[in-house]
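J.: Dock chain to chain to rebuild the complex, using the hints, since each chain is given by itself in its own frame.
Residue-level listing of the chains:
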Amino acid sequence: MDFWLSDDERDLQDGIRSFLLGRFPIDVVRAGEEQPGVIDRDRWRELAATGVFSVAADIGMRAAVLVFEELGRALVPGPLAASALAAAWVSGTATGDTIVGVLETLDDPVLVEHPAQVDVLLIVSDEGLLRLDASALTMHTIERPLDTLTPVAVVRRPLPAATRVDTSSAARQFERDAVVLTSALQLGVALGATHLAQEYAKQREQFGRPIGGFQAVKHLLADMLVKSEVARSAVYAAACAVDGAGTDDAYRAASVAKVMAGEAALFCGKTGIQVHGGMGFTWEVHAQRYWKRAVALDNSFGIIDHHAAIIAATL
Amino acid sequence: MDLCYTAEEDTFRSELRAWLADVLPHVPPEPPTHEWAARRVWDTAWQQMLFEAGYAGINWPTEYGGRGATPTEHLIFLEETERARAPYVGMNFVGLLHAGPTLVVEASAEQKAAHLPPILRGEHVWCQGFSEPSAGSDLAALRCRAIRDGDHYVISGQKIWTSFAHVADYCEILVRTDTDVPKHRGITWLIMPMDSAGIDVRPLRTMDGGIEFSEMFLDEVRVPVANRVGDENDGWRVAMTTLSFERGTAFVSELLQTMELVADLAELAKHITRRSALAWDDAGLRRDLGKVAAELDALWALTRRNISEASRTGLVGAGGNVFKLAYTDLRHRLGEIAMHLLERASLSMDDIDELPSGRHVHGRIHGLKMTIAAGTSQVQRNIIGERLLGLPKER
Ligand SMILES: Cc1cc2nc3c(=O)[nH]c(=O)nc-3n(C[C@H](O)[C@H](O)[C@H](O)COP(=O)(O)OP(=O)(O)OC[C@H]3O[C@@H](n4cnc5c(N)ncnc54)[C@H](O)[C@@H]3O)c2cc1C
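Same order as they appear, the protein sequences are chains A and B.
When you read off a place in the first sequence, starting at 1, and then add 39, the result is the number in the working numbering.
When you read off a place in the second sequence, starting at 1, and then add 395, the result is the number in the working numbering.
No wet-lab data here; the hints were simulated from the structure.
One should not assume that every hint holds.
Pairwise CB distance ranges (calculated) [stated by the list, open to error]:
#1 B/Arg597 / A/Gly61: 30 to 40 Å
#2 B/Ile779 / A/Lys241: 50 to 60 Å
#3 A/Gln237 / B/Ala721: 22 to 32 Å
#4 B/Leu784 / A/Gln237: 21 to 31 Å
Here are some, though not all, of the chain A residues that point toward chain B, as calculated from beta-carbon distances under 8 Å [what the hints assert, rightly or not]:
#5 Pro184
#6 Leu188
#7 Thr189
Here the structure is a predicted model, which means the values were calculated and not measured.
Glycine included, each C-beta is placed from N, C-alpha and C at the ideal position.
Bound-form chain B, shown alone (with noise of 0.2 Å):
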């Protein structure tokens, strides 16, 4: 067991080290959050970047433009581009995190040849479209029915939370395909495409004001047969491949931003008086944020544990659960610490002249968010303590 990288680590962060820094001079900046025309064209540019000098699909099959590299290759990636503060994936964020590396190991041979590479080139934006209105917790309980007609499956039912469906060109959808059988047995994972007929796409406004996520009508949508991934009826199986790449790396570049985070917020703790005392004189938030530091380092820990794992075995194992819950639940825990810290700044969703208040109340509510989306904290203790521990059922 150790923490040291090879030579050829070394080699493979600093030529990228050197490339970032050869070229985020030139990247124009990030356009606001909600203006999506804009993000598109950002995130776009940043992608085919990355792909033209072949940091794009590091862990990804050569054959389909990935670079074919280690699990270890692609965290040293994600460290380093979060260091230089490069562009985040952004809207490819289902594309490169969940959906493509769904597709990577389930995928006929003529789908990923059709599908990964205007991936990597950020080409072809992606959602995911799992959750309905009475499946959320239970997914399995979907029941958007796709029947089968000829080399089509007609689907028809609503998805709801669809993060991205207002831009994505497609949609990794898990649909009904027989209702006679045990929910988890009868469900399918298609690609659909976002442009067919029979799509309603109605953002809904989150919290924040903002637009993120949507309601998703379909009536009688065609889907060809040939895109479904696995086998008819076998998608709750494809779908948890997908759900464990979410909890594995997905989390890497927050998880190193949040460390940013907190050490941008002692800065600004050692210039801003409260009370008419410096705010980092006061012990109790040093205390604070030095707990919090400590327990970011040990899930930087845990992540390099979890990566080796997935090494060995080629799987995220449950050190993905463990991650999620932990994480989530101190991005709480720090948000509050920052909206302490600006007291009554924080009445503010915009930056207050040089003070990062819209920054840092926005992290706030990102906390808020991360406990619920990708399987809340409730349903993460009972996957802990269920497939874990060997403990019995509520349910």
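For reference, chain A alone in the conformation it holds in the complex (with noise of 0.2 Å):
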């Protein structure tokens, strides 16, 4: 057993991530709030060119949540785990040519994330895998989404009929890796919220001394932390048991990873906007964004109550 990073996996997030610094800034990102569709279609094909959407398939599980950490992390929208896992079943996905998404239907309202930007839709069913092409949908645009970067419409029913493209188990498959890439996005997005709180209470003063001097606001950091790390662990720790590095059951780890990482991310989100003072509630701090993306992915492939719930059943 090995379970540290290699040389090669800590290459590729040191390039990702500078990558990602240089050119998808926060402020970029952020600009996306101010147009009507949030995923600049060029800047989605500079992703692919990076091999965002093909790392899963080409080098593994392993290597793509260590990118997906810091998709997580550098607050980049749109359906990212569904599109780098799709390729099998739709073309042009790699590229950034096609973007897809995934469409839960199984409890109303059924809401579609990026509605005016995804071509294709998947859906997970007890049937198979479907297919369904985002323009036959009959949608209603949510006016005030959440988080500005996951826009989301309401999908009417009935729902146009869907073509199977793939088998029950290829289906669960597909979901099960989906949690595992979106665990690793909300572990970027804990880490993010921590690394901006924790600069925050360096540099800010109140009775004469930076704030996290306060231990009050020393073990809150602490906290969020600790719950990063545990994350952490349970992302990679999935990610080894889909590569199949390992003797865990993937399906079980990848429950745990989305349990774990989807506390993590909403614990580090509030607490970030609560470190931050008034300035957490303010829209231009980014600290609010980490929270409001945080409960997005917690309702990408599975609440952490619908996961725990899975993992109950295995006891």
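T.: Next up, the structure:
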């Protein structure tokens, strides 16, 4: 056993991080809030060119989670996980020409993310993996989404007929892998929120000293780090399980990652706001963006409660 | 020790209940949150109705238009108006619950006569100009300077997070009048008319996309010395009166609203399906909501204890800090329960058809605000640790 990043893995993560810092700095990402569709197609293709939508298939889940952690940290918007796993059923994903999302149809209301920009939707169902052109849906766009960088629309029933493209076990596997990639995004969100709050706590002064010097604030930040590191371990373990680099059950490990990274992202998101005081409640400061993305990602591929129930069923 | 109401209190309650039943059907629907002009009209109209019926300023002195009633009757008023889902104080919050009560205790007879009746009639909207960019938790570090020039103070500096500044007529403002003494000693409390020359109000966008508070830039704003409440350099003590009000009865309506929110969430859970099962069939959800409901009942009991203490001593004691900390912590957890119940609908800040997702998502965001505004939870804990438990200070 050697559960620590190899040099190649470290280089991969450093590489994607500096690419994102250069091409997707937070101010560029948030500028998307002022546009009707938040995804810039050219930038989506740039992501594709760095391998974001092919790394899982070409290298494996361990490499993919390292990349997705950085995408989460940078708050890059879009249906990243689905687009990165759809190459077998939808053409043009690896090059970034086709944007693929999912439709979670079990409960009402059915909400689709990035309604104006997603091209193809996949549906995980008991009959198998289904495929639908987004243009076939009747949708009502929500005026004020929680996360402005995750626009949503309500899909009206009845849903149009979808084409079955694969078996139910393939569908289950697609979903499992999407859960792992989403948990990696959540890990990144948790780390991003923590980093922002940590820097603020060093620099903001009250009572003549940096607020990070108060134990109350120090302990909040310490809890953020603890949640993030525990989550990181769960996410990396799930990636190993999916890659068969270990004996853990990949389905259970995926749910564990989603629970732990989901908790970490939500906790770090809200605590980051708290550490910023009044600033945290403003639109301008990014603290709120991490929390909102944490909520959006918790609701992708099953919320914490859902995955906790899956784990409970294995006990 | 008992929780019984006297015959007079019962009469007060039933008369109020009858009045509410009478008038509420004629109140127009509430304007959208961020339509400030329409909201001002609406808030003022409701306050006028209360005033005319003798229900404005329940516990304020009668000579200034109040009812002169007991704190218990005040509590009954808050309880009944909330139960009847009557309009809340809205932008009259600062006037009715912060500045007004401070004026009642600290202002001169002339100041009271000039300001209390218009607050009660809903004619004057107030804001609170305490916080500054470098003076938030450390409020006493405020730097906004007021220099005496004859019978005026000339104010220059910056305020921030001033709720309602963009609609207010008056501001209760804290200024620095002496820089050579320890920070708490050189502060003065002034009434600043918001139409004075030299005030630049710049609204700040909040995380829900709306406008609630502003930055306020003050450039040689002239305020008459006659507008000073309390002595020069005694403003910290005056301000602490305000803050204890803020932590006293100001949350009663909120608490009751939160009880309704819990009841409504339970009702919602009985009608929506999650993963093909009725949401209410989830024992975890029922337990979580049950716990929150228990806490709310206990906080309602705490409120009545606090009010009883105030009736006896005339002051809101430490119970105010206990309440704020416990209540705001609960709002975070309740918000999270609601978001989990909504699941994907929580991605919308608007209601979706019949589903009140917008209400509950805004409720969640409200929780995020409540642990920061009016003294952060960390500061509340410091106060409890230092003042109630007598523990040594960290700084
Ligand atoms: C929605 C909203 C409305 C508001 N309305 C008004 C208004 O109308 N008028 C007005 O004057 N103000 C208003 N405020 C300001 C509010 O009172 C301040 O935001 C609050 O006191 C915190 O100050 P700050 O924002 O400067 O945060 P900071 O004081 O910078 O706090 C940052 C972080 O440090 C922590 N911290 C600071 N000092 C300590 C310490 N000694 N020990 C431990 N932790 C510490 C805090 O808990 C927080 O987590 C409003 C704020 C909000 C969010």
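J.: All the hints need checking, so say for each whether the structure fits it.
T.: Structure-based check of all given hints:
A hinted range of 30 to 40 Å for the beta carbons of arginine 597 of chain B and glycine 61 of chain A is consistent with their spacing of about 33 Å. Between isoleucine 779 of chain B and lysine 241 of chain A, the C-beta spacing of about 27 Å breaks the proposed range 50 to 60 Å. Taking 22 to 32 Å as the suggested C-beta distance range, the pair glutamine 237 of chain A and alanine 721 of chain B conforms, at roughly 28 Å. For leucine 784 of chain B and glutamine 237 of chain A, the hinted distance range of 21 to 31 Å is satisfied, since their beta carbons lie about 30 Å from each other.
Nearest Cβ of chain B to the Cβ of proline 184 of chain A: about 6 Å, under the 8 Å cut. The hint holds. With a cut of 8 Å, the hint placing leucine 188 of chain A at the interface with chain B is violated, because the nearest CB-to-CB distance is about 11 Å. A hinted interface residue such as threonine 189 of chain A counts as satisfied when its beta carbon comes closer than 8 Å to some beta carbon of chain B; here the least separation is about 6 Å, so the hint holds.
The earlier numbered hints that this structure contradicts are 2 and 6.
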